[in-house]
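Trainee: As a plain string of letters, each chain reads:
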Amino acid sequence: GESVGLHLPTLSVQEGDNSIINCAYSNSASDYFIWYKQESGKGPQFIIDIRSNMDKRQGQRVTVLLNKTVKHLSLQIAATQPGDSAVYFCAENLNFNKFYFGSGTKLNVKP
Amino acid sequence: NAGVMQNPRHLVRRRGQEARLRCSPMKGHSHVYWYRQLPEEGLKFMVYLQKENIIDESGMPKERFSAEFPKEGPSILRIQQVVRGDSAAYFCASSPKDSGHYEQYFGPGTRLTVT
Chain P
233 GESVGLHLPT LSVQEGDNSI INCAYSNSAS DYFIWYKQES GKGPQFIIDI RSNMDKRQGQ
293 RVTVLLNKTV KHLSLQIAAT QPGDSAVYFC AENLNFNKFY FGSGTKLNVK P
Chain C
11 NAGVMQNPRH LVRRRGQEAR LRCSPMKGHS HVYWYRQLPE EGLKFMVYLQ KENIIDESGM
71 PKERFSAEFP KEGPSILRIQ QVVRGDSAAY FCASSPKDSG HYEQYFGPGT RLTVT
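If you read the sequences in order, they're chains P and C.
Mind the numbering: the first sequence is residues 233 to 343 in the working numbering, read in order.
Mind the numbering: the second sequence is residues 11 to 125 in the working numbering, read in order.
There is no bait here: all hints are sound.
Computed Cβ-Cβ distance ranges for the label pairs, DEER-style: (1) C/Ser40 to P/Thr242: 33 to 41 Å; (2) P/Asn250 to C/Lys81: 43 to 51 Å; (3) P/Asn259 to C/Glu51: 18 to 26 Å; (4) C/Pro71 to P/Ser260: 22 to 30 Å; (5) C/Arg74 to P/Gln313: 42 to 50 Å; (6) P/Pro314 to C/Gly13: 23 to 31 Å; (7) C/Glu78 to P/Ser258: 25 to 33 Å; (8) C/Lys72 to P/Ser260: 26 to 34 Å; (9) C/Gly13 to P/Gln290: 22 to 30 Å; (10) P/Asn299 to C/Glu82: 44 to 52 Å; (11) C/Lys72 to P/Asn250: 40 to 48 Å; (12) P/Gly248 to C/Arg30: 45 to 53 Å.
With a straight-line Cα cutoff of 27 Å, these simulated DSSO-like cross-link-like pairs (lysine-lysine) come out: (13) P/Lys338 to P/Lys288; (14) C/Lys72 to C/Lys54; (15) P/Lys303 to P/Lys288; (16) P/Lys303 to C/Lys54; (17) P/Lys300 to P/Lys288; (18) P/Lys300 to P/Lys338; (19) C/Lys61 to C/Lys81; (20) P/Lys303 to P/Lys338; (21) C/Lys72 to C/Lys61; (22) P/Lys338 to P/Lys274; (23) P/Lys274 to C/Lys37; (24) C/Lys37 to C/Lys54; (25) P/Lys342 to P/Lys274; (26) C/Lys61 to P/Lys274; (27) C/Lys54 to P/Lys300; (28) P/Lys338 to C/Lys54; (29) C/Lys37 to C/Lys61; (30) C/Lys54 to P/Lys274.
Counterexamples of contact, computed for chain P against chain C with all Cβ distances above 10 Å: (31) Met286; (32) Leu297; (33) Ser306.
Derived by calculation from the structure, the hints in this document are not laboratory data.
We treat Cβ as the ideally placed atom computed from N, Cα and C, and that holds for glycine.
If we strip away everything but chain P, and leave its shape as in the complex, we get (with noise of 0.2 Å):
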């Protein structure tokens, strides 16, 4: 079946820092891909999305990459701050807007 895994469980930053959160897919089919992130006790919030027609999009501070050859998605946050302290999933969309989650990165911005 689909599976969607991320590289590494936690990553700690110093604040002001670059982050980099990898996730690797494994459904070369799968035509577009939403970053969540979710803070303690609360549903998932879309950060950036990106179609498999595409291999970089930039929002505000974010930016995802998509590397269709090795199946694999990587979200970079600018200039990480303690509010970027959370959980990161990446999605995968296969078909009939059902959505295939990875296991998390959680995020830990230190001061």
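Start from chain P and add chain C according to the hints.
Mentor: Frame of chain P, contents of chain C only:
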């Protein structure tokens, strides 16, 4: 524009009881999805519904679990005869009808504890 609403936020049930989780999608959204999340894990897809139709229930356990999204009212996830292993956070998400964007908006979740 209110977001996705879920209630209750916390639900405690004894083994063998029934749990009913409610989800009201965002205004204008007619697609609803239910996910389950165990502690320290990602979200696992359970079921995808449109009004009065179950589109994909491939992630739902075959027994004790059911879901509906009636023409009027919220979507309901029902768990009968709950067991301790059902303890988890259950999230509902919605997306707009005929959206080409596919983004799903999540509710705050219902945390079910089975004692």
